[in-house]
Structures are given as C-alpha cells and as structure tokens.
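Trainee: In case you want the letters, here they are:
4 protein chains.
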Amino acid sequence: MSETDRGDFRARIRRNFARQAAMQTIGAALTRVEHGVVEIELPFDVKLTQQHGILHAGIISAALDSACGFAAYSLIDPEASILTIEFKVNLMSPGRGERFLFRGEITKPGSTIIVADGRGYAISDGPAKLIASMTGTMMVIRGREGITG
Amino acid sequence: MSETDRGDFRARIRRNFARQAAMQTIGAALTRVEHGVVEIELPFDVKLTQQHGILHAGIISAALDSACGFAAYSLIDPEASILTIEFKVNLMSPGRGERFLFRGEITKPGSTIIVADGRGYAISDGPAKLIASMTGTMMVIRGREGITG
Amino acid sequence: MSETDRGDFRARIRRNFARQAAMQTIGAALTRVEHGVVEIELPFDVKLTQQHGILHAGIISAALDSACGFAAYSLIDPEASILTIEFKVNLMSPGRGERFLFRGEITKPGSTIIVADGRGYAISDGPAKLIASMTGTMMVIRGREGITG
Amino acid sequence: MSETDRGDFRARIRRNFARQAAMQTIGAALTRVEHGVVEIELPFDVKLTQQHGILHAGIISAALDSACGFAAYSLIDPEASILTIEFKVNLMSPGRGERFLFRGEITKPGSTIIVADGRGYAISDGPAKLIASMTGTMMVIRGREGITG
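These protein sequence lines map, in sequence, to chains A, B, C and D. Under the UniProt record's numbering, the final residue of the first sequence carries the number 149; numbering is consecutive throughout. Under the UniProt record's numbering, the final residue of the second sequence carries the number 149; numbering is consecutive throughout. Under the UniProt record's numbering, the final residue of the third sequence carries the number 149; numbering is consecutive throughout. Under the UniProt record's numbering, the final residue of the fourth sequence carries the number 149; numbering is consecutive throughout.
Derived from the structure by calculation, the hints contain no laboratory data. Any given hint could turn out to be false.
[Unchecked claim] Pulled a few chain D residues facing chain A out of the computed Cβ check, cut under 10 Å: (1) Thr31; (2) His35; (3) Ile85; (4) Lys88; (5) Glu98; (6) Thr112; (7) Ile113; (8) Val115; (9) Met139.
[Said to hold, decoys possible] A short, non-exhaustive set of chain C residues, derived as facing chain A with CB atoms under 8 Å: (10) Lys88; (11) Asn90; (12) Met92; (13) Thr107; (14) Val115; (15) Lys129; (16) Leu130; (17) Ser133; (18) Thr135; (19) Thr137.
Ideal placement from N, C-alpha and C gives every residue a C-beta, glycine not left out.
Please construct the entire structure, taking both the sequences and the accompanying hints into account.
Mentor: Spelled out as structure tokens, the structure:
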C-alpha cells in the first residue's frame with residue numbers, strides 16, 4: 001500500500017467492496033462512501049426473491065451488513081479490518097420496488113467495537129419506502145492471519 | 001388444494017422452498033423437514049463470500065431465515081403463510097468449510113407470533129463447527145392479498 | 001372511558017406509566033409525551049447498579065422498553081394495548097452520570113406490529129452522552145382478557 | 001486475591017453477584033453456578049410489574065443479562081471482567097407466576113467475545129413455562145480502569 005493511499009478510506013472501501021463476491025452475485029453497487037456513511041444500491045431481480053415474490057430477508061441483510069461494515073471501515077486504520085459480530089434486522093414492509101437503497105451509518109465509533117445502524121428503502125416511482133432496519137455490532141480486527149483489508 | 005394435501009406440511013414447505021429463487025441463487029438445498037425443524041444445506045461457493053474469502057453474513061442470514069421460516073410453516077394451516085418480522089444473527093466463527101448446514105427450530109409456537117431459533121454449522125473433514133445463530137420472530141399471515149402459500 | 005377522553009393518548013400514557021410499578025421501583029419519571037415520541041428520565045441511584053458501579057443493562061432496558069412501548073401507545077385506539085414482542089439493546093458506553101434520559105420513537109407504525117427505536121443518554125455537567133440504543137417490536141393487542149389499558 | 005482463590009470462579013461470581021445492587025433491588029438470588037451455566041431466581045413481586053400486572057420486560061432482561069454475564073465470568077481469568085455489548089430478548093409469554101427462573105448458558109466461548117443464551121421460566125404449581133429468551137454478546141475486559149472483578 002503506497003504512502004499516498006494511507007487514510008484513503010474511499011479507495012480501500014471500494015477495493016474491499018469489489019472483493020465481496022456476494023455483492024456481485026446479488027447485483028449490488030457501492031454508490032456512496034463518506035466518513036461514517038456508506039450506501040449500496042440493488043436493482044430488483046427475481047432471482048433474489050422469496051416465495052411471495054419479494055426480496056428475501058437474507059438479501060436485505062447482506063446489503064445492510066455490507067453497508068454497515070463498510071461504514072465502519074471508513075473509521076479505521078488501513079492495516080485494520082472489520083468483522084461483523086452480530087446484527088438485528090427488522091423487516092418493516094415487503095421488499096417490492098424497482099430498486100433498493102441500503103444506507104449504513106456509524107452510531108458509535110470505537111477502537112475495538114463499532115456500532116452501526118442501517119436502513120433499507122424500496123424505490124419505484126413515488127417516494128422511497130422504508131422496508132428494513134439493521135443495528136450491527138462490528139469488531140475492529142488487527143493482525144489476525146487471513147483477515148486483512 | 002386437495003383434501004389429501006391438507007396438513008401435508010412437508011409438501012407445502014418443499015413447494016415454497018422451490019419458489020424461493022434466492023435459495024437457488026445461493027445454491028441451497030432443503031435437506032430435512034420435520035414438524036418444527038427444517039434443515040438447509042449449502043456447498044461453499046466463492047461467489048457467496050465477503051472480502052476475507054468467508055461466507056458473507058447475509059448469505060448465512062438468508063439460509064438461517066429460510067430454515068426458521070419453514071420450521072414455522074410446519075406448524076400452520078395450509079391457507080396461512082409466514083412472514084419474518086425480525087431476526088438477530090450472531091456470527092461466531094468465520095464461515096469457512098466445504099459445506100454448511102443451517103437448522104431452524106421452533107422455540108415458541110403461536111397463532112400469530114412464532115419464535116424460531118437457528119444454528120449454522122461449517123462442515124469439512126472434522127466435526128461440524130458452529131458458525132452462527134439466529135433468533136427470529138415470524139408472523140402468521142392469513143388472507144392478505146399477494147401473500148399466500 | 002368518557003367521550004372526551006377518546007384519543008387523549010397523553011392522559012392514557014400517563015395513567016399506564018403510573019401503573020407500571022417497575023418504573024416507580026427504579027425511580028423513573030415520564031417527562032415527555034408526544035405523538036410517536038416518549039421520554040423517560042431516571043436519576044442515578046446506586047441501587048440500580050451492577051458490579052462496576054454503573055447502571056445495570058436491565059435497568060437501561062426497562063426504561064427504554066417503557067419509552068418505546070408508550071411511544072407505540074400514542075398511535076393506537078384507546079381500547080387497544082401494547083405488548084413488547086422482542087427488543088435488542090446495544091450498550092455503547094458505561095451508564096455513569098447524574099441522571100439518564102431515555103427516548104422512544106416510532107420508526108414504523110402499523111395496525112398489528114409497531115417498530116420503535118430508543119436511545120439512552122447519560123447526563124452530567126457536559127453534553128449528554130449516548131449510552132445505549134434499542135430497537136423494539138411491539139404488538140397491538142385488542143380484546144385479550146387481562147390485557148387492557 | 002489469594003493463590004487458592006485463583007480459578008475459583010464460583011466464589012468470584014457470588015462476590016460479583018452480591019455487588020450487583022440491581023439484583024438485590026429486584027429481589028433476585030443466585031441459585032446455581034457451574035462452568036458455563038448460571039441460574040438466577042426471582043419471586044414475583046408486584047413492584048416489578050408493568051401496567052398489565054406482569055413482570056416488566058426490563059426486569060426479565062436484568063435477570064437474563066446477569067445470568068448470561070455471570071455464565072461468561074465462569075470462563076475467564078480472575079483478573080478479567082465481563083461487559084455486555086448487546087443483547088436481544090424475546091418475550092414469549094406473559095411474566096405471570098409465583099417465581100421465575102433465569103438460566104444463562106455459554107454458546108460460544110472466546111478470548112475477547114463470548115456469546116451466551118438465556119431462557120426465562122415462570123414457575124407456579126404446574127410445569128415451568130418458557131416466558132423469554134436472550135442472546136447476549138459479552139466482551140472480556142482486561143486492564144481497563146474502573147472495570148475490575
């Protein structure tokens with residue numbers, strides 16, 4: 001990692017997002033990266049649905065977890081990494097829409113534990129509709145073999 | 001639905017699992033259906049990983065949510081359906097292994113609210129390793145347009 | 001209940017708060033009641049602590065649950081009631097301070113399920129410090145014996 | 001701490017339980033301490049109720065959190081301590097009964113993060129009734145000022 005790259009959390013987050021094969025599998029794109037805030041967008045795709053034709057709760061969780069986790073990345077040293085310890089997701093409205101926006105924001109920074117909150121929205125013609133929320137607990141990892149980036 | 005089908009929760013669960021496109025997308029198979037217990041298995045696939053090469057937490061959540069939700073299906077009338085209200089997932093060990101087993105079990109049945117607990121295991125040569133747990137709250141849905149099966 | 005009382009959610013919430021003996025036991029006061037928002041305050045008391053001398057997580061949960069639950073009361077018919085189905089609490093900083101403020105706010109209203117989010121703050125001389133958050137799922141109860149008010 | 005006391009987790013847990021003033025305030029007793037399992041019992045007391053006359057969810061959380069936290073204590077060095085990072089509680093049946101039993105058990109030990117699961121039961125004449133469950137994430141604390149024991 002070059003000297004000029006140190007602290008460039010945006011580049012690091014984009015690089016790590018690109019390495020999350022699961023995000024490509026579900027068709028998600030990283031659309032906003034700020035200090036403490038990350039957004040991920042996802043077009044509706046029937047291959048992501050459950051039996052009622054709406055977005056599967058696990059897909060919603062995947063996008064929210066990545067948004068929350070990368071929001072945590074924006075706070076840490078370039079040598080550190082983030083692992084999700086746990087999260088809770090509330091599904092508030094059926095995941096129907098043309099596309100979906102998932103925002104993760106840091107609620108509580110910390111040197112070891114970071115708490116992030118996420119919101120998911122369905123977007124069609126009208127105003128965005130809140131479909132889900134997440135609260136996630138993330139751990140900052142340093143020097144653990146196999147867990148870098 | 002024919003008379004002989006009434007109460008055949010196994011067939012209903014298999015039919016609904018087959019309609020969950022997200023389960024096909026991640027390569028999951030329904031491997032056990034009992035009254036109050038459902039198991040789903042998943043081979044490791046690099047397309048399901050996050051940046052450290054382990055199973056993405058959202059994929060773990062997808063399989064656990066389906067296992068818990070279908071465990072709830074095993075308790076309800078054929079005309080009713082199940083929606084997940086919320087769940088919490090703890091990621092306890094990295095999702096590394098040849099394949100994964102996800103079991104959902106009913107902790108508290110109910111006419112409106114059903115609580116299920118799930119466990120996820122990584123399986124390679126040795127003993128299965130606990131990688132994740134879920135507690136999910138499911139709602140029994142009756143007569144809501146667009147939500148059947 | 002008199003005709004003029006219909007819809008007076010503030011009076012109903014105050015009456016129900018007064019009937020929560022647990023709130024009196026911990027010394028909590030209802031300090032704000034708006035449509036969708038309720039605040040509860042609590043002076044520090046050594047009798048509410050855990051072994052490190054900070055507020056016990058269960059006491060924090062009690063105040064947040066009441067704040068979230070009564071925020072839900074502000075949305076429902078006078079004949080209905082609210083039961084907490086589940087909640088998640090994150091403890092973000094030690095519960096140290098002269099007094100504590102707990103705010104519950106409605107995130108998603110609903111005829112059966114209401115989702116509320118709560119935040120707890122420690123207050124001393126300086127600015128309020130975020131110590132905890134809650135996401136709670138509440139059920140609207142109608143016509144169940146023994147569950148009124 | 002004397003040499004003979006090293007590793008005597010039962011004595012340490014009893015001592016720390018006795019220092020949790022909140023447990024005395026709610027009338028809880030530590031009734032079982034094993035490696036990885038702790039039980040706390042509580043007689044019904046009207047002063048612990050919410051508006052429907054049942055045990056307040058926060059009181060249930062307090063007892064479950066202490067049971068889970070002390071179960072984590074049974075795994076750690078005498079010099080270390082435990083802080084709850086977060087928990088989720090499901091309230092499955094109204095907290096009615098003569099007394100209540102709360103059991104915390106370790107699901108996943110760890111050097112930094114310990115995951116515990118708890119169950120709460122109401123006990124009267126008949127069989128114990130499951131009223132609540134908890135999954136809690138605990139952090140092992142070492143060398144942090146003001147957090148010992």
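Trainee: Next, verify each hint and record whether it holds.
Mentor: Verification of the supplied hints:
no., hint, in the structure
1, Thr31, "29 Å, violated"
2, His35, "24 Å, violated"
3, Ile85, "6 Å, holds"
4, Lys88, "6 Å, holds"
5, Glu98, "33 Å, violated"
6, Thr112, "8 Å, holds"
7, Ile113, "6 Å, holds"
8, Val115, "8 Å, holds"
9, Met139, "7 Å, holds"
10, Lys88, "4 Å, holds"
11, Asn90, "5 Å, holds"
12, Met92, "4 Å, holds"
13, Thr107, "6 Å, holds"
14, Val115, "5 Å, holds"
15, Lys129, "10 Å, violated"
16, Leu130, "7 Å, holds"
17, Ser133, "6 Å, holds"
18, Thr135, "6 Å, holds"
19, Thr137, "7 Å, holds"
In summary, the structure is inconsistent with hints 1, 2, 5 and 15 from the numbered list given earlier, while agreeing with the others.
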